[in-house]
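**Q** Residues per chain are reported as follows:
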Amino acid sequence: MAEIVLDKVTKRYPDGALAVSDVDIEIADGEFIILVGPSGCGKSTTLNMIAGLEDITSGELRIGGNRVNERAPKDRDIAMVFQSYALYPHMTVRENMAFPLRLAKVDNATVERKVNDAAEILDLTQHLDRRPANLSGGQRQRVAMGRAIVRSPKAFLMDEPLSNLDAKLRVQMRTSVSRLQKQLGTTMVYVTHDQVEAMTLGDRVVVMRGGVVQQIGAPQYLYDHPSNLFVAGFIGSPSMNFLPATLEDGTLRSSLAELPLTDRIRKLLESADAPREVIMGVRPEHFEDAALLDDASRARGATFTGQVDVLESMGSDKYAYFTLSGEQATSAELAELAADVGSADVPTSGIQLVTRISAASPARLGQSAEIWFDADKVQLFDPSSGRNLTFAGE
Amino acid sequence: MSMQSDMSQSVIGADAVKRSGGRGKVVLSEGKKAERKLGLMLIAPAAIVMVAVTGWPIIYSVWLSLQRFDLRFPEKQAFVGLENYGTVLSNGYWWTAFGVTSLITVVSVVFELVLGMGLALIMHRTLVGRGLVRTVALIPYGIVTVVAAFSWRYAWTDGTGYLASLFGQDQALLTQRVPALAIIILAEVWKTVPFMALLLMAGLALVPEDLLKAAAMDGANGWQRFTKVMIPVMKPAILVALLFRTLDAFRIFDNIFILTSGAQNTSSVSMQTYNNLIKGLNLGIGATMAVLIFITVAIIAFVFVKLFGTAAPGSDQEGRR
Chain A
1 MAEIVLDKVT KRYPDGALAV SDVDIEIADG EFIILVGPSG CGKSTTLNMI AGLEDITSGE
61 LRIGGNRVNE RAPKDRDIAM VFQSYALYPH MTVRENMAFP LRLAKVDNAT VERKVNDAAE
121 ILDLTQHLDR RPANLSGGQR QRVAMGRAIV RSPKAFLMDE PLSNLDAKLR VQMRTSVSRL
181 QKQLGTTMVY VTHDQVEAMT LGDRVVVMRG GVVQQIGAPQ YLYDHPSNLF VAGFIGSPSM
241 NFLPATLEDG TLRSSLAELP LTDRIRKLLE SADAPREVIM GVRPEHFEDA ALLDDASRAR
301 GATFTGQVDV LESMGSDKYA YFTLSGEQAT SAELAELAAD VGSADVPTSG IQLVTRISAA
361 SPARLGQSAE IWFDADKVQL FDPSSGRNLT FAGE
Chain B
395 MSMQSDMSQS VIGADAVKRS GGRGKVVLSE GKKAERKLGL MLIAPAAIVM VAVTGWPIIY
455 SVWLSLQRFD LRFPEKQAFV GLENYGTVLS NGYWWTAFGV TSLITVVSVV FELVLGMGLA
515 LIMHRTLVGR GLVRTVALIP YGIVTVVAAF SWRYAWTDGT GYLASLFGQD QALLTQRVPA
575 LAIIILAEVW KTVPFMALLL MAGLALVPED LLKAAAMDGA NGWQRFTKVM IPVMKPAILV
635 ALLFRTLDAF RIFDNIFILT SGAQNTSSVS MQTYNNLIKG LNLGIGATMA VLIFITVAII
695 AFVFVKLFGT AAPGSDQEGR R
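Protein sequence lines, in the order shown, are assigned to chains A and B. Each residue of the first sequence is one higher than the one before, counting from 1 in my numbering. Each residue of the second sequence is one higher than the one before, counting from 395 in my numbering.
Calculated from the structure, these hints are not laboratory results. Check before you lean on any hint, since a few could be wrong.
Cut-off 27 Å, straight-line C-alpha distance, at most; resulting in silico cross-link-like pairs (BS3-like, lysine-lysine) [said to hold, decoys possible]:
#1 A:Lys105 <-> B:Lys629
#2 A:Lys74 <-> A:Lys105
#3 A:Lys74 <-> B:Lys622
#4 A:Lys114 <-> B:Lys622
#5 A:Lys154 <-> B:Lys622
#6 A:Lys154 <-> A:Lys74
#7 A:Lys318 <-> A:Lys168
#8 B:Lys431 <-> A:Lys74
#9 A:Lys318 <-> A:Lys267
#10 B:Lys622 <-> A:Lys105
#11 A:Lys168 <-> A:Lys105
#12 A:Lys182 <-> A:Lys114
Using the sequences provided together with the hints, build the complete structure.
**A** See the structure below:
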């Protein structure tokens with residue numbers, strides 16, 4: 001077990017492409033940390049540099065206090081689980097799991113004991129003499145985990161280990177990965193493009209974009225206090241709603257409503273030196289059906305009236321979708337997020353708004369509804385830099 | 395090249411026989427029967443052509459091998475049963491040639507495998523000028539064997555050859571048995587390493603990059619990754635390459651014909667067959683030798699195909715399930 005420190009780590013390919021730029025992460029001993037971001041953001045490259053499968057162009061990587069930049073993967077004492085599982089097809093499950101121990105010239109009795117222990121933990125005992133080709137996806141994934149844990153390495157690296165599983169199994173495996181990490185107490189660095197996995201698994205999450213770390217923090221912190229537009233849009237499902245808005249005389253004008261700023265937000269904006277044109281962000285759960293609220297609650301926000309496009313009842317609550325007239329908010333970050341989820345290809349006109357309202361709401365599909373939103377939960381962003389103007393964190 | 399295509403056909407043929415044998419036990423539905431009939435009809439044209447161009451000569455050779463048939467004494471032609479086989483198999487020259495052929499086959503294939511693997515790894519790993527490297531490496535395979543054999547002969551000719559002069563003067567290496575065999579093997583290896591490398595490179599492409607990364611993470615050094623991961627995973631490709639080359643090498647003719655003409659007991663079985671059939675005009679004995687070569691090659695192919703049965707990952711799973 002050991003802490004892992006990335007100190008200004010940079011990866012530049014021979015053709016000049018910058019894959020990872022000045023990454024600073026301090027991973028504590030026993031911590032479960034997630035690297036998340038859209039494809040091509042440099043998260044896998046970062047993981048491969050920790051593993052030693054890719055050279056570090058500049059900066060320093062320390063594991064357990066020692067600089068390991070120049071060490072081969074086998075000398076770093078870390079184990080890795082690959083998205084493809086990378087099981088050796090010519091070996092049985094037992095041989096696969098024993099392989100790292102055999103290479104380390106561990107005696108037979110110990111190998112036998114460790115493999116059996118790992119198989120016990122991962123519920124693979126009855127499959128030990130089968131070959132990978134005869135296993136299901138979930139079983140293969142567990143064998144890959146088994147091969148990593150038999151060595152009791154200083155740290156585990158996971159490269160999208162659940163991406164090849166079907167949705168139901170993925171949720172199930174997610175909890176078992178989490179439980180396994182707590183049980184073993186080993187440092188784990190986990191790469192995923194799935195923000196739900198990032199939110200549910202990690203002690204801390206590192207959001208990356210274009211090779212640059214955007215923000216590092218606990219999942220809830222990133223959700224509540226995104227430092228910029230990209231993190232705000234990436235974390236959360238359904239994602240935050242963004243609208244163009246104008247700041248004028250302490251009022252926020254948008255196609256939703258005219259909203260007097262709360263004192264808290266006004267102070268933050270003053271110290272952030274906010275521009276006039278901003279992007280307003282509101283999370284779906286900060287909306288509510290106005291019909292369900294008393295006057296005191298209503299006074300803490302603003303309301304708008306719109307026609308319900310789509311109504312999804314989730315049982316516990318409802319998602320109501322609206323289309324507002326006006327231009328969509330535009331910024332480089334939002335364009336990249338849209339491209340990542342593929343929504344850039346869906347033609348839309350006007351502003352799409354997702355609201356999460358109480359299940360008790362009388363809102364009906366195709367009819368108009370009055371929707372309230374919380375004035376103090378609004379976040380404002382600078383459209384040119386993407387900076388969160390209402391960022392209250394340190 | 396025609397030899398190789400023959401071989402691949404025979405491999406496919408063996409596979410098809412195995413599969414249809416397994417299916418035969420199952421009771422077929424109407425739809426399956428119709429599908430099968432259509433399948434047979436679709437392969438019929440190809441099968442007929444194959445029988446005409448390969449099946450008939452084989453049958454004719456077997457028939458000839460059972461005759462006393464010497465074109466110098468055509469009036470003595472008669473059916474003699476297996477007498478020709480007795481004659482050939484009790485003859486010292488045949489067994490010498492058989493030994494020489496086997497030696498050339500084993501030694502050259504071993505060298506070709508090792509060097510071919512090296513070349514394949516180089517071509518697989520080359521990042522710059524990959525196309526150029528591959529083209530250059532393939533040149534020997536593109537040169538007509540007879541032409542290449544002549545250039546080897548001149549190079550080793552005492553007094554004029556540049557290679558002969560390297561190995562000391564007034565020694566006609568091609569007229570001494572052991573050096574001559576070594577030169578024959580050298581010429582064979584030089585010619586077919588690129589072919590071997592190509593086949594092995596196709597096998598290398600089958601080894602997923604993640605598997606090698608995983609092995610590196612598991613603590614394997616370069617050599618261990620090669621022997622414990624790469625070779626086992628590409629074993630089917632290695633066996634195919636070995637099969638092709640072993641069958642090919644066993645029928646060696648042109649290099650020996652040009653380099654030594656079989657002098658100093660350097661004849662291969664194919665040379666002996668040629669000597670009896672074409673030079674000696676003894677159709678019966680020549681055909682007998684041809685049939686014996688055919689049987690040997692068939693045995694080699696059979697052994698290899700049996701090996702495939704347990705080595706190829708795909709067939710292994712089917713076998714276990």
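**Q** The structure should be examined with respect to each hint, and the outcome stated for every one.
**A** Against the structure, the hints come out as follows:
At most 27 Å may separate the alpha-carbon atoms for a hinted pair to count; A:Lys105 and B:Lys629 meet this at roughly 25 Å. Distance check on the hinted pair: A:Lys74 and A:Lys105 sit about 13 Å apart at the alpha-carbon level, within 27 Å; holds. Taken as a hint, the A:Lys74 and B:Lys622 pair is honoured in the structure, with Cα atoms around 15 Å apart against an allowance of 27 Å. About 21 Å separates the Cα atoms of A:Lys114 and B:Lys622, which keeps this hinted pair within 27 Å; it holds.
Among the hinted pairs, A:Lys154 with B:Lys622 is consistent with the structure: their alpha-carbon atoms are about 25 Å apart, no more than 27 Å. Restraint check: the Cα-Cα separation between A:Lys154 and A:Lys74 comes to about 12 Å, which is no more than 27 Å; the hinted pair holds. With a C-alpha separation of about 23 Å, the suggested pairing of A:Lys318 with A:Lys168 holds against the 27 Å cut-off. For the hint linking B:Lys431 to A:Lys74, the alpha-carbon distance of about 57 Å lies beyond 27 Å, and the restraint is violated.
Restraint check for A:Lys318 and A:Lys267: not satisfied, since their Cα atoms lie roughly 34 Å apart, outside the 27 Å limit. Our distance criterion of 27 Å between C-alpha atoms is met by B:Lys622 and A:Lys105, whose separation comes to about 15 Å. For a cut-off of 27 Å, the pair hint linking A:Lys168 to A:Lys105 is broken: about 39 Å separates their Cα positions. With a C-alpha separation of about 19 Å, the suggested pair A:Lys182 and A:Lys114 falls inside the 27 Å cut-off, and the hint holds.
In this structure, the hints that do not hold are numbers 8, 9 and 11, in rising order.
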